[in-house]
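Participant: Sequence:
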Amino acid sequence: MRFLYSLGLALYALLLRLVAPFNPKAAAWVAGRRGLLPRIAHALVQETAPRLWVHCASLGEFEQGRPLIGGLRQQYPGHKIVLTFFSPSGYEVRKNWAGADYVFYLPLDTADNAREFVRCVQPRLAVLVKYEFWYYYLRELREQHV
Numbered sequence: 113m114r115f116l117y118s119l120g121l122a123l124y125a126l127l128l129r130l131v132a133p134f135n136p137k138a139a140a141w142v143a144g145r146r147g148l149l150p151r152i153a154h155a156l157v158q159e160t161a162p163r164l165w166v167h168c169a170s171l172g173e174f175e176q177g178r179p180l181i182g183g184l185r186q187q188y189p190g191h192k193i194v195l196t197f198f199s200p201s202g203y204e205v206r207k208n209w210a211g212a213d214y215v216f217y218l219p220l221d222t223a224d225n226a227r228e229f230v231r232c233v234q235p236r237l238a239v240l241v242k243y244e245f246w247y248y249y250l251r252e253l254r255e256q257h258v
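Per my numbering, the very first residue in the sequence shown carries number 113; after that it's consecutive.
Please keep in mind that the hints were generated in silico from the structure rather than gathered at the bench. From the three backbone atoms N, C-alpha and C, an ideal C-beta is built for every residue, glycine too. Certain hints may be false.
To be verified - No more than 25 Å apart at the CA atoms, straight line, and that leaves these computed lysine to aspartate or glutamate pairs for DMTMM-like:
hint, residue 1, residue 2
1, Lys192, Glu175
2, Lys137, Glu244
3, Lys242, Glu173
4, Lys242, Glu175
5, Lys137, Glu173
6, Lys242, Asp213
7, Lys242, Glu228
8, Lys137, Glu204
9, Lys192, Asp213
10, Lys207, Glu159
11, Lys242, Glu255
12, Lys242, Glu204
13, Lys192, Glu159
14, Lys207, Glu175
15, Lys207, Glu228
16, Lys137, Glu175
17, Lys192, Glu173
18, Lys192, Glu228
19, Lys207, Glu173
20, Lys192, Glu204
21, Lys192, Glu255
22, Lys207, Glu244
23, Lys192, Glu244
To be verified - Derived Cβ-Cβ restraints for the label pairs, each shown as a range:
hint, residue 1, residue 2, range
24, Phe134, Leu237, 33 to 43 Å
25, Phe115, Pro136, 27 to 37 Å
26, Leu116, Gln158, 36 to 46 Å
27, Asn208, Val157, 17 to 27 Å
Model the full assembly from the supplied sequences, consistent with the hints where possible.
Facilitator: Right under this line is the structure:
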């Protein structure tokens, strides 16, 4: 089953790369992930405060999760909030949102990406808004006892 999941994601990413020259949303998805993990690592390398990670697939899920993010900010005042999006619609609209300390695209769900992302972010708590089930991210979070 994991093989089919990984194959499906790889085909999805390939399809987006093929469509990107003809579709602005696909182009934004591809461009936003180019060099993403090094950018995340660079942005967080000097950060010493504990971090909370909130992932919203899209702008709609962000709107559903916004009260939760506000509650996390109140409950964990010394923590930084790392907000990620899967879709360009959410990221482009909220990339400068003051309610989060860091806003990034979520790298594609592969074992290597999940390991590197969780290593960079080092979240104390992770919240996936609504129906997000990213297998490798969930596995890595479990392995890191998050």
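Participant: Look at each hint and say if it fits the structure.
Facilitator: Now the hints, each set against the structure:
1. Lys192 to Glu175: Between Lys192 and Glu175 the Cα gap is close to 19 Å, so the pair holds against 25 Å.
2. Lys137 to Glu244: Holds, at roughly 20 Å.
3. Lys242 to Glu173: Answer holds: Lys242 to Glu173 is near 7 Å, not above 25 Å.
4. Lys242 to Glu175: Answer holds: Lys242 to Glu175 is near 11 Å, not above 25 Å.
5. Lys137 to Glu173: holds (18 Å)
6. Lys242 to Asp213: Distance of about 21 Å is within 25 Å: holds.
7. Lys242 to Glu228: Holds, at about 24 Å.
8. Lys137 to Glu204: holds (10 Å)
9. Lys192 to Asp213: holds (6 Å)
10. Lys207 to Glu159: Roughly 19 Å between the alpha carbons, so the hint for Lys207 and Glu159 holds.
11. Lys242 to Glu255: holds (22 Å)
12. Lys242 to Glu204: holds (20 Å)
13. Lys192 to Glu159: holds (9 Å)
14. Lys207 to Glu175: holds (14 Å)
15. Lys207 to Glu228: holds (21 Å)
16. Lys137 to Glu175: Between Lys137 and Glu175 the Cα gap is close to 20 Å, so the pair holds against 25 Å.
17. Lys192 to Glu173: Holds, at about 20 Å.
18. Lys192 to Glu228: holds (19 Å)
19. Lys207 to Glu173: Measuring from Cα to Cα gives roughly 15 Å; hence the hint holds.
20. Lys192 to Glu204: holds (20 Å)
21. Lys192 to Glu255: holds (22 Å)
22. Lys207 to Glu244: It holds: about 20 Å lies between the C-alpha atoms, which stays within 25 Å.
23. Lys192 to Glu244: Holds, because 22 Å separates the two Cα atoms, which is no more than 25 Å.
24. Phe134 to Leu237: 33 to 43 Å: Given range 33 to 43 Å: holds, Cβ gap about 40 Å.
25. Phe115 to Pro136: 27 to 37 Å: 32 Å Cβ-Cβ, so the 27 to 37 Å window holds.
26. Leu116 to Gln158: 36 to 46 Å: For Leu116 and Gln158 the Cβ distance comes to about 40 Å; the hint holds.
27. Asn208 to Val157: 17 to 27 Å: holds (21 Å)
Checked against the numbered hints above, the structure violates none of them.
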